[in-house]
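Following the hints, position chains W and L against chain E.
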Amino acid sequence: MVKENIKQLLEDIRKNVPLVHNITNYVTVNDCANVVLAVGASPIMADDILEAAEITAISQSLVLNIGTLNQRTVESMIAAGRKANELGIPVVFDPVGAGASGFRNNTVKQILSNVKIAILRGNLSEMSYIAGLQVNTKGVDSAEEDNKIDGVSVAKKVAEIYGCVAAITGAVDVVSDGTRVTKISNGHKMLSKVTGTGCMTTALAGSYAGAANINGSKDYYSAAIGGIMTMGIAGEMAFETAGHMGTGSYHINIIDAVSILSNEIIEERARVNEE
Amino acid sequence: MVKENIKQLLEDIRKNVPLVHNITNYVTVNDCANVVLAVGASPIMADDILEAAEITAISQSLVLNIGTLNQRTVESMIAAGRKANELGIPVVFDPVGAGASGFRNNTVKQILSNVKIAILRGNLSEMSYIAGLQVNTKGVDSAEEDNKIDGVSVAKKVAEIYGCVAAITGAVDVVSDGTRVTKISNGHKMLSKVTGTGCMTTALAGSYAGAANINGSKDYYSAAIGGIMTMGIAGEMAFETAGHMGTGSYHINIIDAVSILSNEIIEERARVNEE
Amino acid sequence: MVKENIKQLLEDIRKNVPLVHNITNYVTVNDCANVVLAVGASPIMADDILEAAEITAISQSLVLNIGTLNQRTVESMIAAGRKANELGIPVVFDPVGAGASGFRNNTVKQILSNVKIAILRGNLSEMSYIAGLQVNTKGVDSAEEDNKIDGVSVAKKVAEIYGCVAAITGAVDVVSDGTRVTKISNGHKMLSKVTGTGCMTTALAGSYAGAANINGSKDYYSAAIGGIMTMGIAGEMAFETAGHMGTGSYHINIIDAVSILSNEIIEERARVNEE
Numbered sequence: 032m033v034k035e036n037i038k039q040l041l042e043d044i045r046k047n048v049p050l051v052h053n054i055t056n057y058v059t060v061n062d063c064a065n066v067v068l069a070v071g072a073s074p075i076m077a078d079d080i081l082e083a084a085e086i087t088a089i090s091q092s093l094v095l096n097i098g099t100l101n102q103r104t105v106e107s108m109i110a111a112g113r114k115a116n117e118l119g120i121p122v123v124f125d126p127v128g129a130g131a132s133g134f135r136n137n138t139v140k141q142i143l144s145n146v147k148i149a150i151l152r153g154n155l156s157e158m159s160y161i162a163g164l165q166v167n168t169k170g171v172d173s174a175e176e177d178n179k180i181d182g183v184s185v186a187k188k189v190a191e192i193y194g195c196v197a198a199i200t201g202a203v204d205v206v207s208d209g210t211r212v213t214k215i216s217n218g219h220k221m222l223s224k225v226t227g228t229g230c231m232t233t234a235l236a237g238s239y240a241g242a243a244n245i246n247g248s249k250d251y252y253s254a255a256i257g258g259i260m261t262m263g264i265a266g267e268m269a270f271e272t273a274g275h276m277g278t279g280s281y282h283i284n285i286i287d288a289v290s291i292l293s294n295e296i297i298e299e300r301a302r303v304n305e306e
Numbered sequence: 032m033v034k035e036n037i038k039q040l041l042e043d044i045r046k047n048v049p050l051v052h053n054i055t056n057y058v059t060v061n062d063c064a065n066v067v068l069a070v071g072a073s074p075i076m077a078d079d080i081l082e083a084a085e086i087t088a089i090s091q092s093l094v095l096n097i098g099t100l101n102q103r104t105v106e107s108m109i110a111a112g113r114k115a116n117e118l119g120i121p122v123v124f125d126p127v128g129a130g131a132s133g134f135r136n137n138t139v140k141q142i143l144s145n146v147k148i149a150i151l152r153g154n155l156s157e158m159s160y161i162a163g164l165q166v167n168t169k170g171v172d173s174a175e176e177d178n179k180i181d182g183v184s185v186a187k188k189v190a191e192i193y194g195c196v197a198a199i200t201g202a203v204d205v206v207s208d209g210t211r212v213t214k215i216s217n218g219h220k221m222l223s224k225v226t227g228t229g230c231m232t233t234a235l236a237g238s239y240a241g242a243a244n245i246n247g248s249k250d251y252y253s254a255a256i257g258g259i260m261t262m263g264i265a266g267e268m269a270f271e272t273a274g275h276m277g278t279g280s281y282h283i284n285i286i287d288a289v290s291i292l293s294n295e296i297i298e299e300r301a302r303v304n305e306e
Numbered sequence: 032m033v034k035e036n037i038k039q040l041l042e043d044i045r046k047n048v049p050l051v052h053n054i055t056n057y058v059t060v061n062d063c064a065n066v067v068l069a070v071g072a073s074p075i076m077a078d079d080i081l082e083a084a085e086i087t088a089i090s091q092s093l094v095l096n097i098g099t100l101n102q103r104t105v106e107s108m109i110a111a112g113r114k115a116n117e118l119g120i121p122v123v124f125d126p127v128g129a130g131a132s133g134f135r136n137n138t139v140k141q142i143l144s145n146v147k148i149a150i151l152r153g154n155l156s157e158m159s160y161i162a163g164l165q166v167n168t169k170g171v172d173s174a175e176e177d178n179k180i181d182g183v184s185v186a187k188k189v190a191e192i193y194g195c196v197a198a199i200t201g202a203v204d205v206v207s208d209g210t211r212v213t214k215i216s217n218g219h220k221m222l223s224k225v226t227g228t229g230c231m232t233t234a235l236a237g238s239y240a241g242a243a244n245i246n247g248s249k250d251y252y253s254a255a256i257g258g259i260m261t262m263g264i265a266g267e268m269a270f271e272t273a274g275h276m277g278t279g280s281y282h283i284n285i286i287d288a289v290s291i292l293s294n295e296i297i298e299e300r301a302r303v304n305e306e
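Those protein sequences? They're chains E, W and L, same order as listed. Take the first sequence: its position 236, counting from 1, is numbered 267 in my numbering, and each next residue is one higher. Take the second sequence: its position 8, counting from 1, is numbered 39 in my numbering, and each next residue is one higher. Take the third sequence: its position 136, counting from 1, is numbered 167 in my numbering, and each next residue is one higher.
Worth flagging that the hints you see were computed from the coordinates, not collected in a lab. It is possible that part of the hints are untrue.
One copy or two, either will do: identical chains are not told apart, so a pair holds if it fits within one copy or between any two.
[Unchecked claim] Below, simulated BS3-like cross-link-like pairs (lysine-lysine); rule was C-alpha separation at most 27 angstroms, straight line:
(1) 46 / 188
(2) 140 / 224
(3) 220 / 46
(4) 46 / 187
(5) 46 / 140
(6) 46 / 224
(7) 140 / 220
(8) 187 / 38
(9) 249 / 220
(10) 140 / 38
(11) 224 / 147
If you're wondering where the values come from, they're calculated on a predicted model, not measured in any experiment.
Pulled out of the complex, with its shape left as it was, chain E reads as follows (with noise of 0.2 angstroms):
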């Protein structure tokens, strides 16, 4: 059933186009502009404060990312959100590091008081830190899949919290609304060879949201799920592709799965199940 919906979704984004805002890290941007493009959809990138909520009231979704944030933005991420929730456009919200620095926390608390999330993806010890968790983080890349938190248990936590979708990404994969609960088997372990992995997965579901937003549906829950299950997808694709020449082409590749993806594939490659 979910699976059904994100192929509508994925037509949705190839006939709707829609505009993507990112207010994102300038260490993937490029990554990311270039996977929204990809799966179908159209990114902007502005980030000054006398242009943020400008440029969020002509686009169809909202993706913050503080990857590389700064007191600069961070001011242009709220503006923008809070737009974004005055006008009923979708905001994704990326947590890139959340636990790892006084800063990136307090910058997650200024957002999540501030903005209503529709979607919330990160890796498991930002997403744990965020439900309020005692987490060791280990700069911004892997979750830490030691500590025996339960993915699960932390998805519906934070979705309770924070009444939005959350999504956890890692060796599996779960999104969760509070009620309902989603696990994705797609990906490779080749991924977290690639940076930027993460932040193109949270911009591929703000590109699903956008399209949910045109099509009236608001199906966020299906958009985040979309979002990862093709970034999975993708990483199992390049890997057959690509996997034994490297990781730089590996990441190439990854943009390339995308951007063939079609419902044909995601019939024969998706696994995702509700539970």
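Okay, now just chains W and L, sitting in the frame of chain E:
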């Protein structure tokens, strides 16, 4: 005749390796630097007000791109632009997203009233905005082909108002200096599926302009056409090599094609028509 | 002997996965993150003064790169550098464009007088500037090979003045700690046609330095040589695989080669000569 000028400029780029100062956006900056290197010139990126003008002074051309403009770098763009004007260094300006926000519109106005531009390159909606026409901009990516505006008259009008070479890229590319008009019909529609192909075109025009500055011809009309033709040919070659693989490989093959561009390839492929 | 140390460090990178904090430029930052991942370490980019020192404190090495320096991040570099010094974390410094503007020169001076550097890597013109010699810098890209400055004496001089490992990259690469001198003759001239190969070399040196910090050897001399050798070998391998395709594919294949680097490949290809 223009085609012969472009061939000469390409040789001059590779012989004289002009230094091209770019104050540009953080989305496509890596591609811009790599495409400048690929065509044979040398890129330098420097955007702080404490050095912008000084770096311009040692360069052979200046490229201004407002893709992710912010208050800090707009000031640097104007300082660098004035220094370029003072020293007779050509300024190439890419008004990304003109028409999309008040901040962009004010910045465009501020740059155009403070800096004499040699080449102004944008898509049809951006250039229509600059020509003073009513437009509906949708983001930063695509010219609105459907609003019945005629590219030739827009290019001529912009060229006349600002005394510059005006270059409009889209389905068909048009360049005018107010009197002459040239159409370039190279290119491939897949170019619109990679972020930054517009920015790269502008950076290529900056590379040709740097060569035209060094060789004393100051032929910025041919430089603009050369930049557009180079991206167009590269877009065709990349499609032949990698179009079937997806947009990631296509992206990389665009840079490949620019780096192997030769006068033989120009002779064979250029579709440059002086009207 | 140095070659054996490098092999050990490469194993240690992959076993201990050092966290490498980069405060760097927005042109090549994506490549720097990906090359750090490719060699087996973990990158983190954070440049706001509100978190720079805190992120350094959880990292195993710190890389400072002034490619697109600005007033905001220079302050963060110094705060991060001081914290690194306080905690015994090695600082690797890439003085991009030293000699090209007053702002760059002042920043270099400020960093060198506030932060104790473990490894200083630049091209010949940058390092000559730092050694106090008269140079004519042309942009940020290439060492001036023709100004008759001897790399070995420059490296020795910089190492003596700043009590660090000095690494000069160019046609021949030289590393000195003031006493010892090692030349690395790996590499390929096509490396100069891709932006950021210098920055990536510095980030690789930072990855090796992080491993040398964790394993307690603090052997930053071998770390610097290891970083340069890794990029040199990758440049050769990428040329063999993709040199004929163009600079875009070559770029991607550099990352590929780093990701598949092994001690067998080092044994076979390294041209590291202790003098």
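message = So, against the hints stated earlier in the document, which numbers end up violated here?
response = 1, 2, 4, 5, 7, 9, 10 and 11
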